[in-house]
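Asker: Listed below are the residues making up each chain.
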Amino acid sequence: MTEIERHDYDVVVIGAGGAGLRAAIEARELGKRTAVVCKSLFGKAHTVMAEGGIAASMGNVNSRDSWQVHFRDTMRGGKFLNSWRMAELHAKEAPQRVWELETYGALFDRTRDGKISQRNFGGHEYPRLAHVGDRTGLELIRTLQQKIVSLQQEDFAQHGDYEGNLKVFAECTITDLLKDADAVSGAFGYWRETGRFIRFDAPAVVLATGGIGKAFKVTSNSWEYTGDGHALALRCGAALINMEFVQFHPTGMVWPPSVKGILVTESVRGDGGVLRNSENKRFMFDYIPEVFSNQYATSEQEADGWYDDPDSNRRPPELLPRDEVARAINSEVKAGRGSPHGGVFLDVSTRLPAEVIKKRLPSMYHQFKELADVDITAGPMEVGPTCHYVMGGVEVDPDTAAASVRGLFAAGEVAGGMHGSNRLGGNSLSDLLVFGRRAGLGAATYVDSLGGFRPSVREADVEAAAQRAISPFRTGTDSVGAENPYLLQQDLQQTMNDLVGIIRRAGEMELALKKLDELRRRVQHVVVEGHRQFNPGWHLALDLRNMLAVSECVARAALERTESRGGHTRDDYPMMDPEWRHALLICTQHTNGPEGSVRVERKEQVPMRADLVELFELDELKKYFTAGEIPGGTD
Amino acid sequence: MGNQRRFQVWRGDTHGGNLVDFDAEVNEGEVVLDVIHRLQATKAPDLAVRWNCKAGKCGSCSAEINGRPRLMCMTRMSMLPPQLPVTVTPLRTFPVIRDLVTDVAYNYQKAREVRSFMPPKGVQPGEYRMQQVDVERSQEFRKCIECFLCQNTCHVIRDHEENETNFSGPRFLMRIAELDMHPLDAADEEGVDRKRSAQDEHGLGFCNITKCCTEVCPEHIKITDNALIPMKERVADIRFDPLIRLFRRKRG
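Residue numbers (our numbering), protein chains in the order written: chain C, 1203 to 1837; chain R, 75 to 326.
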């Protein structure tokens, strides 16, 4: 076989979104030769799609905010299933990470006294989201991208080489991780442009590949979101947790069909937008769950009063956490009170002057005007739930972002635990920064701990990875049974959407598992046309393997968890069960089953540290914890 | 429910290529990218195209549609003349890799040559203070999604490849303007003159304000009026201001 392009690095970061870039910046600043590998062009990662803002308790708009309040909101949003240590680190470090962006050149919207402005969002007690209109993700990605460039300029000034210490390998896809005994030793992939193979020899790999949304039909996620990092981790022996929890964002576009699923930012509601059904009723008042009954307004008057006087009014129920709002919309549509195209109405036109809407929500204005012929300053939008985010991911050590396999790290959406069963809006961008940095630090520290030692890459593994990667070009097989990768993906998306979607039932999930099994067999017969140069059919054929693996994790874990919590709603088990709160479901790859088959095991959650437990009222904890877990017994 | 439309899509690679005819189903509300995806799934599985967000936010799916530089995801089929075939060709200014995918490395190279933001010395993280009116000018330019349509359409490089060495194009001249207008950028203190660098290193003088870049910008950024012209004016101020010339002579 021909020579494969080879590179040696200290740290290889897979993914160039917020988490990946922040990890790379950290590793490089700690003196590690770092590579960033990404499937798209540099600066196009899915982070760019984030709209609302970055949650950080800077207290610029309401000085009562603090890390403790942010921590509480995050745990509540995740229905107390979160890794409390991650939620703690996240709440404590988010402000520093946001301020740091300003030193990289970020330009957030300002308060009157010149500080970073902060906006309201679902589940956040105080205005907390640093933002730039409704294009905060773009600001984040561009700022980090430009920081990378700035570090490269430093290197150029010193050594005459921009890419000597930090290089971006854009449009390059990693298909396998390489190991030496029990430790990571590198990664294998291909250049999308040429189809040529490439290998990285590196003792530390940071997964920052984002989510799995492309496994679902109606999704706000782009083609890249095929669960690559999740699947790479599984295949190299790491564990995934919380995979049953998939967030359906309550407000995606529903019409026209071609844009179904595209995100409508939660800022619309944060800034005053309300949800109405076909009877013109603000239905969210009917859907305030018991656990949140103390924090949300029960009348329109109180809800409307909150925007100006949050101290004497409770929050509007439109700002409940996303899982609650998504379920409510789903119920309204099912009850026949939906909008003409199967959603509900989201109206900001009667709530704010047109000029203010255009200023605060410019890209929403633009998006609806150009894609749906709807003027959001003059009438309501039609919206419905769309698959948006996976709470589940690689099980990591909260402090170092290390996975259970030595040398493997994960940060951002591909890591699990931080958000528990449901993520609050705005907590994703802050998660990327906090744990991106920690992953870069963890990887650099690990590399230091090795001294001069480097785990080695086995040629046979590289050869096997190359064979796997070209297998969809198989020739000479029976063309009658040849499968088209695009149709396989559509079948997979339909299966997950219909059978493991927003509302789940045992029978449907069992059926989904059967269909996934069948799809796995069909994928063996996928055949792609043409050659290896920039061939999307081939790329998809390889991504399918990952989508199947993560879909199986979602379906198996969802079937196992016999309760409803956050982003996992069971029609046959509609209640939250305290006995499940302290249980995590761990997915690992079967060692002796067929390739890609997944095993699910139950594991106990680590009990929350006492000083963190004390941040909550006993009455609130009783709604979530078993009697035995409540401090001071059952009184 | 869909109707049939004739598409002519450029297919080929570095060795050349040609327009290939396809008949495709088009449904209500669809954009050009939807139809390209349908062609991929049904007729041309290896048709190379870049895309990501499908909502005009990432700037990946730039192409020329009926000869006009546009984002495929934001071009509604209903706005194209129904009686004519829809032609989709790659960005003309950049070398083709395959089909609709072009080599945009030039842009990343130019991005790297613009001196980065220089943080003010002695101002700690968390202590940055700026007024909204002062950040808004740069914020307009930071709306840029780097679709490179402005770079593609700018005749300075579209028609004269040889200018690529000395001209960074509207996107990166605008980046310099953005940094120059950043309320806290410390370039002056560091002895870096951004305006001069725009003129001397990035070819601001090549721009003869035909506003083609502004016209194709999907984010409706007023690149020429708000970034390039003000920067040209200030470069002129520096060059011809007698006081500054006197000062320069003394120092020199």
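If you're looking for bench data, these hints aren't it; they were derived computationally from the structure. Be careful, since some hints might not be right.
A few chain R residues that face chain C, going by a derived Cβ cut-off under 10 Å, partial list only [what the hints assert, rightly or not]:
1) 121
2) 126
3) 177
4) 180
5) 299
6) 300
7) 304
Pairs of lysine-lysine residues, derived as BS3-like cross-links and limited to a Cα-Cα distance of at most 25 Å, are as follows [as the list claims (entries may be wrong)]:
8) 1561/C with 195/R
9) 1317/C with 117/R
10) 1419/C with 117/R
11) 1462/C with 117/R
12) 1571/C with 117/R
A virtual CB, placed ideally from N, CA and C, is assigned to each residue, including glycine.
Asker: List in ascending order the numbers of the hints, as given earlier, that are violated by the structure.
Answerer: Going through the list in order, the structure violates hints 4, 5, 6, 7, 8, 9 and 12 and respects the others.
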